[in-house]
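There are 10 protein chains.
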Amino acid sequence: MLFHVRMDVHIPKDIPSETAERIKADEKAYFQSLQQSGKWRHIWRVAGQYSNISIFDVESNEELHQLLMSLPLFPYMHIEVMALCRHPSSLHADDR
Amino acid sequence: MLFHVRMDVHIPKDIPSETAERIKADEKAYFQSLQQSGKWRHIWRVAGQYSNISIFDVESNEELHQLLMSLPLFPYMHIEVMALCRHPSSLHADDR
Amino acid sequence: MLFHVRMDVHIPKDIPSETAERIKADEKAYFQSLQQSGKWRHIWRVAGQYSNISIFDVESNEELHQLLMSLPLFPYMHIEVMALCRHPSSLHADDR
Amino acid sequence: MLFHVRMDVHIPKDIPSETAERIKADEKAYFQSLQQSGKWRHIWRVAGQYSNISIFDVESNEELHQLLMSLPLFPYMHIEVMALCRHPSSLHADDR
Amino acid sequence: MLFHVRMDVHIPKDIPSETAERIKADEKAYFQSLQQSGKWRHIWRVAGQYSNISIFDVESNEELHQLLMSLPLFPYMHIEVMALCRHPSSLHADDR
Amino acid sequence: MLFHVRMDVHIPKDIPSETAERIKADEKAYFQSLQQSGKWRHIWRVAGQYSNISIFDVESNEELHQLLMSLPLFPYMHIEVMALCRHPSSLHADDR
Amino acid sequence: MLFHVRMDVHIPKDIPSETAERIKADEKAYFQSLQQSGKWRHIWRVAGQYSNISIFDVESNEELHQLLMSLPLFPYMHIEVMALCRHPSSLHADDR
Amino acid sequence: MLFHVRMDVHIPKDIPSETAERIKADEKAYFQSLQQSGKWRHIWRVAGQYSNISIFDVESNEELHQLLMSLPLFPYMHIEVMALCRHPSSLHADDR
Amino acid sequence: MLFHVRMDVHIPKDIPSETAERIKADEKAYFQSLQQSGKWRHIWRVAGQYSNISIFDVESNEELHQLLMSLPLFPYMHIEVMALCRHPSSLHADDR
Amino acid sequence: MLFHVRMDVHIPKDIPSETAERIKADEKAYFQSLQQSGKWRHIWRVAGQYSNISIFDVESNEELHQLLMSLPLFPYMHIEVMALCRHPSSLHADDR
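Protein chains in written order, with full-length UniProt numbering: chain X, 1 to 96; chain U, 1 to 96; chain D, 1 to 96; chain S, 1 to 96; chain R, 1 to 96; chain E, 1 to 96; chain C, 1 to 96; chain F, 1 to 96; chain A, 1 to 96; chain G, 1 to 96.
In case anyone wonders, no lab produced these hints; they're calculated from the structure. There may be inaccurate statements among the hints.
[Unchecked claim] List of simulated lysine to aspartate or glutamate pairs, EDC-like, C-alpha gap at most 20 angstroms:
#1 Lys13(U) <-> Glu18(D)
#2 Lys13(A) <-> Asp94(E)
#3 Lys24(U) <-> Asp14(U)
#4 Lys39(R) <-> Glu21(E)
#5 Lys13(X) <-> Glu27(G)
#6 Lys13(G) <-> Asp94(A)
#7 Lys13(F) <-> Glu62(C)
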């Protein structure tokens, strides 16, 4: 089941840079593990902004929520979620 | 080059249904030709709305604009475009 | 899986009242069938508005979308969908 | 009488974590007491956000306000309230 | 129990003026009956707009909704409802 | 002359609580003096929010502005003002 | 007493042009009478829009409302009203 | 003097196509005359929308307003105007 | 040439009051010099807010920008600018 | 390929002024190098605001993103990006 997720990142300026770098590194590792698992199917950077558009492929709302809440950057992000469905006109069976 | 495009469709109620069906059929054919060509890489239906989120893979803004303006449903749509880039953390080389 | 759905109904004034009444009757019948099936778990009227807040219990985004698109009043509604999860503090196992 | 309440939680980053944990624990205890009493009828987590949608069953606006103002997390929340009524089409007498 | 209600009136230009006048007359009669009953406690015109701010004194959300839905001008109004409580600092016991 | 005033209070978390309490006490005393004078005709708490809706009865915009600027909580409030008039349908001569 | 009034004019396309011209002529005559009386102290066109910013000098909200409701173009306008006061730093006694 | 102007075009669907084509042709001719004169310095199409971003080089607000009001498509456009200045860091003397 | 400027002032609470008073005094002196010169033609306080509506009479966008950027309070203000023109119906020749 | 970019700058008040000046100097140097290269084709100051409207001429979304992310002021800016195309009516071949 697919979800469209927009993440806008706002890291406060007064966080020590090492702390920020560590959180970002944890975020990247966590993200790549999910990408390999297929849960985090797509991620694109929004040009000009510290934001991304992602497509998650999960079994349930609950799973999506747990994945997002576990993001090391979660406390510093505004997240918008939209439930997606396969488009009836799409030629791809599951739109990979 | 990838673009995130949201399309919200509002077909006026007073359009004869045959006309509406013909336009939708033309739209589907046109869409599928672009999907096969790879230009229209992804399309998903927004759950609960006559809207879709699409990802276009084009050579330029100009090409994107021409593709969108040629949509049979274009006169009945509100369209928002966002330029995307490959995310630096993504494991996929081109995020297919 | 639960979804929060807000529906704002705008029936154009120039629709013949018999047509409007028939559509509303079809809507009520369709709604009650879904309520009995448990798919449409909750519905409440927003005080002062021709709007409702509903909670759907479905297997997937796709099922939700099909249920909503099949609403006789769908063409006359603005719909907003939010994916919900069980709240970690809730005492109810599945929050019935 | 039912009220739809949306709560968005924003705990400042500079609050000592023990303090934050204590407040959250108080919040959970207070919430569960109200859930058991039936006042706080439903609570769902909004997927991807530190927010919830709740349905309160209270005798008056005043009671609702007192319950909400007494939330330990109240100072850190943005709250939106909507008055609900039983939907005329609902099969459930009181929509439990 | 008090509710703050804002009503913005938009009567379509293509309604025959006699019809519009009749609806407005019905609205005035209905309003004055509620004002006399105390249900419609206050009404003020918003300067420069075909809008009013009203304070309703009702027993429940349900009663408020029925009163508002019965307004002859209801189909031509956008209505916003806010639940009010007595202010703790007010000297007036019930704020008449 | 009546004015509708909405006040949303945001007291910064880092103000010492004694200071906050003193300001609130001053605010209450100042408010009650204006309520007794009839200037501050109505005040209601917005259910679920640290906000109020008030109706002021003043001689001029200037007087309203001076009254509001003198509120001890003024620096911590967002205020919206709307000019009101007596509603032509109201049975109350001056809508007391 | 001064009020800032923004007027955005939207004359429906399907109004016969003679009717529109007559209404505009009435509007101009009515406006100029108020300008001469000093009630309508200032009027400026917003560059690029069929809108104006006006400053009214009236005795009360009621008078402002009557003047605005009597505008021949009133049914085709969206109007926003803001109460103004003399600025404490202004050198002009009454800011003419 | 430079002004940033956004124009969103909404031509009603019920306008006869010949009329629409004639208006568009007049618009193009008028535009090109202004482009040649240097008044209309830049125009770009917003990708995916029937909108443009333009930069006007005029002597005054008045001149800008007259140019815009004279656009054959003016009645069918929403226009936003922003006053621009030369950027202090720009290497181009007048940013041609 | 006239510009409508709205200024909303937000002085951070943690600025020492003497500093704030000095900046305000500088602002008043600077303002009065511009008022005397005719550049700052009108200023009104928005009732209930630390905001003003001003009308500037300047030779160009550039001059307006320099005047506004030189305001001692500029760093603490949100400013919105609208280009104005003389209204065609105005009786005053110079109400430019 | 052209992009319309709006940049709103918000430098926190608590940054040491030397640091702020250094960042601004770096920004100016970086900007001028891009202006000379033709990448940063246009930049205009928005009158009355610490904001600019810029037109970038780049090969891809990716290049635009890299250029923007490398701005020394990037952490202190809100940026909005719009993809532009050549307008079909423009007389300039590439709209220089």
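Against the structure, the hints come out as follows:
1. Lys13(U) <-> Glu18(D): Given that 20 angstroms is the threshold and the Cα spacing comes to 17 angstroms, the pair holds.
2. Lys13(A) <-> Asp94(E): 41 angstroms, violated
3. Lys24(U) <-> Asp14(U): 16 angstroms, holds
4. Lys39(R) <-> Glu21(E): 37 angstroms, violated
5. Lys13(X) <-> Glu27(G): 18 angstroms, holds
6. Lys13(G) <-> Asp94(A): 42 angstroms, violated
7. Lys13(F) <-> Glu62(C): 41 angstroms, violated
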